[in-house]
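Going down the list, the sequences are from chains R and Y. Taking this note's numbering, I'd label the letters of the first sequence as residues 9 to 320. Taking this note's numbering, I'd label the letters of the second sequence as residues 3 to 278.
No lab work stands behind these hints, which were simulated from the structure alone. Fair warning: there could be bad hints in the mix.
Chain Y is nowhere near these chain R residues, computed Cβ spacing over 12 Å in every case [said to hold, decoys possible]: (1) 29; (2) 39; (3) 53; (4) 60; (5) 121.
Quick list of simulated restraints, FRET-style, between CB atoms [unchecked claim]: (6) Y/272 - R/64: 29 to 39 Å; (7) R/119 - Y/4: 51 to 61 Å; (8) Y/41 - R/120: 46 to 56 Å; (9) R/116 - Y/31: 50 to 60 Å; (10) Y/186 - R/15: 52 to 62 Å.
None of these values were measured; they are calculated from a predicted model. Yeah, the Cβ is synthetic: ideal placement off N, Cα and C, and Gly gets one too.
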Amino acid sequence: MGGVFNFRFPDFSYSFLSILLEGLPFLLLGTIISGLLDQFLPARLMTRLLPRNAYAGALVSGLLGVIFPMCECGIVPVIRRLMTKGLPVSNAITYMLAAPIVNPIVAVSTMAAFRGQEPLVVMLLRLGIGFVVAVIVGFVVHNLPLKLVLRPTALADIAQSAGGSSAPSGSVGRRLWASLGVCVSDFLGMTVYFVIGAAVAATFNTAVNQEAIVPLAVNDWLATGSLMGLATVLSLCSTTDAFIAATFTMFPTIAKLGFLVFGPMIDLKLLFIYSAVFRKRFVLALALGLFVLIGLICLRIQVVFTHYAIPL
Amino acid sequence: MTLLVQRFLSAGVLMVWGAVLCFLYFSGRLTAYLHPHFHVFAVSGGIVLILLAMLVLVAPDEAALTGCAPVKSGALWKSLLTALVLVVPLLIALSASQDAYSSTTVLNRNYVQNISQLPGAQPSASVQPAAPADASLPGNDASSTDGGDQPEVRKNSKGEIQAEVVDFLYAAQLADMRQTFEDKQVEVVGQLMPAKENNPNGDRYDLVRMLMTCCAADAQPVALPVHPGAKSDLPEMTWVKVHGKATFPVVGGQKRPLIENATIEKTDPPEDTYLY
């Protein structure tokens, strides 16, 4: 005992189960919504509702979480289904990244967790950076060939639905049975990745001695990077992660912001869940790109706030 | 045939997950895993999964349920693999988990010994600070004592104040709350760990409670230093009841709680082992 890595299987099992128990109901909710969307959302409705311009569409998609808040565990099956219903992939990814952050529940929990630590500023920055980053990613994805972004199976689903074969049809009862099939299929498919991600997260959050990261707090660059890395490892829910972030009192606020924005977009379990829909290379590029982009934004904010003597 | 097997596999996996969620909830073990706010989601999820499993079994139309196959290509071995990945780790973890962390993980997580590191925490219901709520805000100066009534406290039969570990961390920063405890005999329950710092003689301990924000994965150990003046024979992480005098010496320019002249006795774990 006392090293950086101290693994104990019962502790791993305990943490692993707690992550599964916390996230699974929300994953299930996401897949139920996914099944209902598949059978009851008219094809192309999303494209008719969203602006035709892809960039304007990404901007609107970044705010959809305000109306349709979803946590990061449940959102992937939903966006996969929305893509087959005509939602452009760039808009779907923007919604996927933004909704777990840009929503009223997260706003309230962040304010509560950071009371006494500039709660309004932290909350506005968190939601603002989350929105901006998600929209930027949407813009980038819009300019990428879909075959670089989506797994062949997801691509085939979209192509199939574009041919009109997945349009809702039949009686309500028959569509309910069909939505059950979609829900179960999505649930089983997504949960495999969730289980693997939870196992990796549980290994790190029980076996790694967290004192090892404390020396990193003294430098803004290292502090921001290390807390974003920690967010990846801990794989917390976006509605409650602020309560953990607020406890890193020795870390600068910008590092906590990095934790709060990066964590809901990329963590160990999400890396695996994303892999159910997106190509592995895209997922890795997305993780790396978000790490750099969010890190640089947070560090830049520190400079601006310091320049104008705004407390942070 | 393949579709039939897949249908049973899907239903079986859903049934196992639903049963595990419901079992943990109805056996009371869920309290060790999730914050009470999440219990309703877990049991609801379990019930829905069991219902889904039954619906998959009785679904009238095989064609309508082709989506039930975990892998649409229909390869049976992939369905079997999926079912194994979903069920085996869950059941192994369920049997291996001891519903609590050992000292290994507790030591891997930094002890919280200053309430400013716990912005989401609240004093226990047994001791409520009389000071305005805002005085508890991290970063605020809580040295003022004017105006507040004495907080209500719970006492044992010996007249000792019964409090939680986290209350002493608050008291270190809240003057009104500190007055309630300072130089008084107190009784606190927690898990015994050797002190990590300033313990050359091995006769100092930390009384540890885990504080859960959301689930056990994010639980943090909150520690109250205890100085009994003699070594204890009890093993690490034993649940103990500590009786002693609450003091608040200045360490590093800050008041820190310390239970002096402590006696340590083994006790049963509290009904709820976590603080929230």
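Between residue 272 of chain Y and residue 64 of chain R, does the beta-carbon spacing fit 29 to 39 Å?
Violated, at about 56 Å.
Is the distance from the Cβ of residue 41 of chain Y to the Cβ of residue 120 of chain R consistent with 46 to 56 Å?
Once the Cβ atoms are compared, 20 Å apart, the range 46 to 56 Å for residue 120 of chain R and residue 41 of chain Y is violated.
For residue 121 of chain R, is the shortest beta carbon distance to chain Y beyond 12 Å?
Answer for residue 121 of chain R: violated, closest chain Y Cβ roughly 5 Å.
So the hint says 51 to 61 Å: do the beta-carbon atoms of residue 119 of chain R and residue 4 of chain Y match that?
With a Cβ separation near 53 Å, residue 119 of chain R and residue 4 of chain Y satisfy 51 to 61 Å, so the hint holds.
For residue 53 of chain R, is the shortest beta carbon distance to chain Y beyond 12 Å?
Correct as stated: the minimum Cβ-Cβ distance to chain Y is 21 Å, above 12 Å.
Verdict for residue 186 of chain Y, residue 15 of chain R (Cβ pair) under range 52 to 62 Å
The hinted range 52 to 62 Å is violated for residue 186 of chain Y and residue 15 of chain R, with Cβ atoms some 43 Å apart.
Verify that the Cβ of residue 29 of chain R lies farther than 12 Å from every Cβ atom of chain Y, and report whether the claim holds or is violated.
5 Å, violated
Status of the given 50 to 60 Å range, CB of residue 31 of chain Y versus CB of residue 116 of chain R
Check failed, 30 Å falls outside 50 to 60 Å.
Please confirm whether residue 60 of chain R is truly not at the interface, meaning its C-beta sits more than 12 Å away from all C-beta atoms of chain Y.
32 Å, holds
In terms of Cβ atoms, is chain Y entirely out of 12 Å range of residue 39 of chain R?
10 Å, violated
When each numbered hint is compared with the structure, violations occur for hints 1, 2, 5, 6, 8, 9 and 10.
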